[in-house]
Amino acid sequence: EDQVTQSPEALRLQEGESSSLNCSYTVSGLRGLFWYRQDPGKGPEFLFTLYSAGEEKEKERLKATLTKKESFLHITAPKPEDSATYLCAVQTGNTPLVFGKGTRLSVIA
Amino acid sequence: NAGVTQTPKFRVLKTGQSMTLLCAQDMNHEYMYWYRQDPGMGLRLIHYSVGEGTTAKGEVPDGYNVSRLKKQNFLLGLESAAPSQTSVYFCASSYYPGQGSLQPQHFGDGTRLSIL
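Line by line, the protein sequences give chains D and B. Take the position in the first sequence, starting the count at 1, then add 1; the result is the number in our numbering. Take the position in the second sequence, starting the count at 1, then add 1; the result is the number in our numbering.
Errors might be hidden in some of the hints.
[Unchecked claim] Below, a list of computed lysine-lysine pairs in the DSS-like style, where the Cα atoms sit at most 30 angstroms apart:
| # | chain 1 | residue 1 | chain 2 | residue 2 |
| --- | --- | --- | --- | --- |
| 1 | D | Lys-58 | D | Lys-43 |
| 2 | D | Lys-43 | B | Lys-10 |
| 3 | D | Lys-102 | D | Lys-58 |
| 4 | D | Lys-80 | D | Lys-43 |
| 5 | B | Lys-71 | D | Lys-43 |
| 6 | B | Lys-10 | D | Lys-70 |
| 7 | B | Lys-58 | D | Lys-43 |
[What the hints assert, rightly or not] Some chain D residues close to chain B (C-beta under 7 angstroms, calculated; not the full set):
| # | residue |
| --- | --- |
| 8 | Gly-33 |
| 9 | Phe-35 |
| 10 | Gly-44 |
| 11 | Pro-45 |
| 12 | Phe-47 |
| 13 | Thr-50 |
| 14 | Lys-69 |
| 15 | Gln-92 |
| 16 | Asn-95 |
| 17 | Pro-97 |
| 18 | Phe-100 |
| 19 | Lys-102 |
For the record, the hints were derived by calculation from the structure and aren't laboratory data. Backbone N, C-alpha and C define an ideal beta-carbon position, used for all residues, glycine too.
Next up, chain D with everything else stripped away, as it sits in the complex (with noise of 0.2 angstroms):
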C-alpha cells in the first residue's frame, strides 16, 4: 500500500528563519510528486510537481527536491504570508493522488 508521510506536523519560524519540511515515501512506480500549498479556508493550491530524484523546482522563496524515497520543501527566509499548510502527494501509474496529512507552517514577524 501506498503511504506517504509528512514532517514535522507543525512548525513554528521566526521571519527569515530558513528550514525544510519533508516528505517520505513508500509507492511502487512513482511517477510524479506534487507540493500544494493550503491556506485556512481555501483549497490546496498547486507549487511543484518533481519527477525523478535529483529534480529540483524553485519558486520565489521555495525550493523543493526530490530523492528516491523522499522530497523536501526549502524556505528560505521566510515571511509571514507563507504561513499555511503545505501538502505532498505522489502519483503512480494512473491512479488517484496519495496525499500526507501536511505540514502547518506558521512564521512569526
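The hints should help you fit chain B onto chain D, whose structure is shown.
Relative to chain D, chain B alone:
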C-alpha cells in the same frame, strides 16, 4: 476565470437528512474528484470520475454516492447524513494523467458541512 466552483460553501444538516453537493469546472478537465478533509486525517478520496458518465470508488466511499452526467459537473450525494460525515469537502479536477507530463489537480474552496 472561475476554475472549480463548489456549492454550497456552508451547510448544517440534521442526522438522517439528505443533500447534494455540486462541483462545477470550466477547464474542460476529464477527471474530477471528491475528497473530505478532517483534522489529523489529511485529504481522503471519496469518489472520482475519469469522464462523463463514469464513477469509481476512492478510499472512503461508504455513505456517499456520486454522478457525472455532464463533463463539467460532479455531484456528491449524502442519502442519510450521519454525524461522522461532518467534514470539509473538496472537489478537484484535472486533465487525464496520460503517459507524459503529469497534470496537477485544481481544487475548489470547499464545502463546510456540519451534521447534528
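Going down the list of hints, with the structure as the test:
With a CA separation close to 24 angstroms, the supplied pair Lys-58/D and Lys-43/D stays within the 30 angstroms bound. As the CA atoms of Lys-43/D and Lys-10/B are separated by approximately 11 angstroms, the hinted pair is consistent with the 30 angstroms bound. Between Lys-102/D and Lys-58/D the alpha-carbon distance is near 22 angstroms, which keeps this suggested pair within the 30 angstroms criterion. The hinted pair formed by Lys-80/D and Lys-43/D meets the criterion: a straight-line CA distance of about 20 angstroms does not exceed 30 angstroms.
A hinted pair counts as satisfied when its Cα atoms are at most 30 angstroms apart, and Lys-71/B with Lys-43/D qualifies at roughly 25 angstroms. Restraint check: the Cα-Cα separation between Lys-10/B and Lys-70/D comes to about 38 angstroms, which exceeds 30 angstroms; the hinted pair is violated. In summary, the hint linking Lys-58/B to Lys-43/D is supported, as the alpha carbons are separated by about 25 angstroms, within the 30 angstroms threshold. Because the beta carbon of Gly-33/D sits about 4 angstroms from the nearest beta carbon in chain B, less than 7 angstroms, this interface hint is met.
Against a cut-off of 7 angstroms between C-beta atoms, the interface hint on Phe-35/D holds, since the closest Cβ of chain B lies about 6 angstroms away. Given hint, Gly-44/D at the interface with chain B, holds; its Cβ is 3 angstroms from that chain's nearest Cβ, closer than 7 angstroms. For Pro-45/D, the interface hint holds, since its Cβ comes within 7 angstroms of a Cβ in chain B; the closest pair sits about 5 angstroms apart. About 4 angstroms separates the beta-carbon of Phe-47/D from the nearest beta-carbon of chain B, less than 7 angstroms, and the hint is met.
Annotation: interface hint on Thr-50/D holds; nearest CB of chain B at approximately 6 angstroms, less than 7 angstroms. Interface hint at Lys-69/D: violated, since its Cβ lies 18 angstroms from the closest Cβ of chain B, which is beyond the 7 angstroms cut-off. For Gln-92/D, the interface hint holds, the least distance from its beta-carbon to any beta-carbon of chain B being 6 angstroms, beneath 7 angstroms. The beta carbon of Asn-95/D comes within 5 angstroms of a beta carbon in chain B, closer than 7 angstroms, and the hint placing it at the interface holds.
For Pro-97/D, the shortest C-beta to C-beta distance to chain B is roughly 5 angstroms, which falls under 7 angstroms, so the interface hint holds. Here the hint on Phe-100/D is kept, as its CB sits about 4 angstroms from the closest CB of chain B, short of 7 angstroms. Taking 7 angstroms as the C-beta cut-off, the interface hint given for Lys-102/D holds, the closest approach to chain B being about 4 angstroms.
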